[in-house]
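Asks: Here are the chains, one letter per residue:
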Amino acid sequence: MAGPNLPTNIAAGGTTTGHKAHTDTVHTYVDKLDTTFLTPTLGKVLTANGTTWAPADPTSGDIIIREIGDTSIPGGTPAGTLLFTKLPITLKKWDGVGVEDGATVTTSTVGSGDSIFSAVASTPTVTASEIVIANAASASNVAWDGFNRSQFGLRFYFRNDALSSGNANILAVTDLTAVVLFKISINTSNQPQLRNTASTSIWNGTAMTIGKTYRFEVAKTGASTVTVKVYTLAGTIHTQSGSQTITTSSDMDKIVIGRENSVAYGPGHFSHLAVVDTAVDVGAYPSAIF
Amino acid sequence: MAIPTFVAAGTQAQTSNVGGAGPVTPGLPAGIAADDILILMVEAANEPVNAISGWTAVGSGAVVQATGLVTDLTVRWLRYTGSESAPAVSITGANHVIARIAAFRGCVTTGSPINGTPAVNADNGTTTAFSVPGGTTTAADCLVVAALSTGTDITSTTMASGWASTTTFSPALTEFFDNWHVTGNGGGFAAAYGGRAASGAYNAITGTLTTGNTKATMSFALQGATVAEGTPILATPAMRIW
Numbered sequence: 005m006a007g008p009n010l011p012t013n014i015a016a017g018g019t020t021t022g023h024k025a026h027t028d029t030v031h032t033y034v035d036k037l038d039t040t041f042l043t044p045t046l047g048k049v050l051t052a053n054g055t056t057w058a059p060a061d062p063t064s065g066d067i068i069i070r071e072i073g074d075t076s077i078p079g080g081t082p083a084g085t086l087l088f089t090k091l092p093i094t095l096k097k098w099d100g101v102g103v104e105d106g107a108t109v110t111t112s113t114v115g116s117g118d119s120i121f122s123a124v125a126s127t128p129t130v131t132a133s134e135i136v137i138a139n140a141a142s143a144s145n146v147a148w149d150g151f152n153r154s155q156f157g158l159r160f161y162f163r164n165d166a167l168s169s170g171n172a173n174i175l176a177v178t179d180l181t182a183v184v185l186f187k188i189s190i191n192t193s194n195q196p197q198l199r200n201t202a203s204t205s206i207w208n209g210t211a212m213t214i215g216k217t218y219r220f221e222v223a224k225t226g227a228s229t230v231t232v233k234v235y236t237l238a239g240t241i242h243t244q245s246g247s248q249t250i251t252t253s254s255d256m257d258k259i260v261i262g263r264e265n266s267v268a269y270g271p272g273h274f275s276h277l278a279v280v281d282t283a284v285d286v287g288a289y290p291s292a293i294f
Numbered sequence: 008m009a010i011p012t013f014v015a016a017g018t019q020a021q022t023s024n025v026g027g028a029g030p031v032t033p034g035l036p037a038g039i040a041a042d043d044i045l046i047l048m049v050e051a052a053n054e055p056v057n058a059i060s061g062w063t064a065v066g067s068g069a070v071v072q073a074t075g076l077v078t079d080l081t082v083r084w085l086r087y088t089g090s091e092s093a094p095a096v097s098i099t100g101a102n103h104v105i106a107r108i109a110a111f112r113g114c115v116t117t118g119s120p121i122n123g124t125p126a127v128n129a130d131n132g133t134t135t136a137f138s139v140p141g142g143t144t145t146a147a148d149c150l151v152v153a154a155l156s157t158g159t160d161i162t163s164t165t166m167a168s169g170w171a172s173t174t175t176f177s178p179a180l181t182e183f184f185d186n187w188h189v190t191g192n193g194g195g196f197a198a199a200y201g202g203r204a205a206s207g208a209y210n211a212i213t214g215t216l217t218t219g220n221t222k223a224t225m226s227f228a229l230q231g232a233t234v235a236e237g238t239p240i241l242a243t244p245a246m247r248i249w
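Those sequence lines, one after another, are chains A and B.
Using the working numbering, read the first sequence as starting at 5 and increasing by one per residue.
Using the working numbering, read the second sequence as starting at 8 and increasing by one per residue.
Derived from the structure by calculation, the hints contain no laboratory data.
Please note: incorrect hints may appear among the correct ones.
Simulated restraints on C-beta separations [to be verified]:
| # | chain 1 | residue 1 | chain 2 | residue 2 | range |
| --- | --- | --- | --- | --- | --- |
| 1 | B | SER92 | A | THR108 | 50 to 56 Å |
| 2 | B | ALA179 | A | GLY246 | 53 to 59 Å |
| 3 | A | SER112 | B | ALA179 | 53 to 59 Å |
To give an idea of the interface, some chain A residues facing chain B are shown, with a C-beta separation under 10 Å as derived from the structure [what the hints assert, rightly or not]:
| # | residue |
| --- | --- |
| 4 | SER116 |
| 5 | GLY117 |
| 6 | ASP118 |
| 7 | SER169 |
| 8 | LEU237 |
| 9 | ASP255 |
Using N, Cα and C, we set each Cβ at its ideal position, and we do this for glycine too.
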């Protein structure tokens with residue numbers, strides 16, 4: 005009989021019996037598996053020298069199993085690098101798949117698996133699963149709130165069919181007290197812009213072509229840092245902001261997508277909205293319908 | 008019977024570079040005559056083309072590619088009577104519309120000229136190689152048409168090339184459409200025809216694109232007309248049958 009922390013070669017009745025050499029070998033493996041291999045090795049690897057087993061520092065090529073959150077990696081792996089990384093979780097999404105053309109967007113206008121909006125201003129409509137913001141000099145948008153997050157990632161597709169008459173906001177992010185953290189706007193040349201709490205432009209991107217759809221990837225990467233990337237539909241970077249520092253460092257609570265001020269443009273087409281809990285690119289919608 | 012022949016292609020039409028719903032009006036091909044079959048092809052961004060009076064869908068009417076750079080290929084036919092004008096092609100709320108018409112002569116003069124069931128495929132691959140699915144003709148003397156569209160945002164009339172098949176076509180596969188445009192999110196289509204004297208299966212028709220993307224593909228066959236009574240048929244060099 006073999007088992008953890010038992011003397012070698014113990015019979016069921018507790019006495020030593022025959023085939024001692026073989027049963028001792030079996031015992032040794034089982035004992036090591038139970039008491040050494042399955043004991044947390046704190047970044048060590050289990051090694052053997054032909055006689056005994058012992059934890060040792062890993063060397064190149066060894067496979068390490070660690071708990072998520074353990075940042076101590078002996079053996080030369082860069083400290084602080086997690087072996088396993090947390091996958092982003094989708095907090096809200098809206099694809100509008102199945103929503104009929106011409107439908108007016110309300111807080112309950114959703115396709116399969118979509119998140120309801122917390123607020124809708126001036127009734128946008130849906131065409132081909134896109135939220136269409138009419139060309140008018142008044143706010144028209146959809147919003148989600150209740151996030152309470154320092155960092156997040158946001159994706160939306162955007163197409164503008166006509167130049168704006170001024171600096172028109174297409175995105176606004178606020179905190180729990182409605183203080184603006186940052187906004188994204190387009191100017192009269194259809195350049196994307198990042199604006200801070202004071203609505204001061206802190207980044208002007210390369211102008212987008214009227215009538216073409218772009219994928220925006222917006223990430224709040226820290227308490228007061230934001231990145232904006234604008235991709236073409238072919239998946240190449242059209243323009244990007246790099247890390248920009250915004251004025252206010254409070255947590256994000258609300259995201260408003262659409263025309264957030266009263267500057268006319270468009271119609272503007274927004275689709276495949278998604279918010280994740282991590283400051284990463286959400287990525288291209290796998291089966292976009294534009 | 009005889010294999011239908013290609014007459015001509017009309018002028019391409021597309022929405023402005025800004026995109027939009029249209030309508031656009033592709034030109035009728037030159038030299039068309041009564042009983043010619045007009046084939047209308049439309050590329051759009053996965054949005055259904057509105058009905059056009061007198062025009063009938065080929066098969067289910069459209070092949071939708073919703074993955075990657077979205078596209079759809081709509082194909083419709085009309086038997087020309089001599090009085091039709093160029094159609095207005097529109098899509099409600101569209102991103103863009105690209106359309107063109109080709110004419111074919113010698114097809115059956117009654118009923119649908121489409122023989123068998125059109126073969127369709129939405130190809131999620133983004134390679135430059137394309138493969139339009141083969142199909143089966145149920146009558147002799149058909150002209151097979153192979154077509155594909157992509158959402159590639161480029162202006163080109165040389166996107167597709169190298170049309171080929173392991174099936175022998177006579178006349179050989181010949182391209183008659185190759186039209187990509189940057190209107191809206193961009194896109195376009197290409198098409199080729201080839202003859203099949205004997206009925207039966209034909210294999211996939213392949214080729215190469217200059218820019219690879221996901222594809223909507225379709226092949227179908229135009230059925231040749233039965234030779235009219237009283238028309239001489241040359242049976243042997245020495246004998247005519249009346």
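Asks: Go through the numbered hints given earlier and state which of them the structure violates, listing their numbers in rising order.
Replies: Structure breaks hints 1, 4, 5, 6, 7 and 9.
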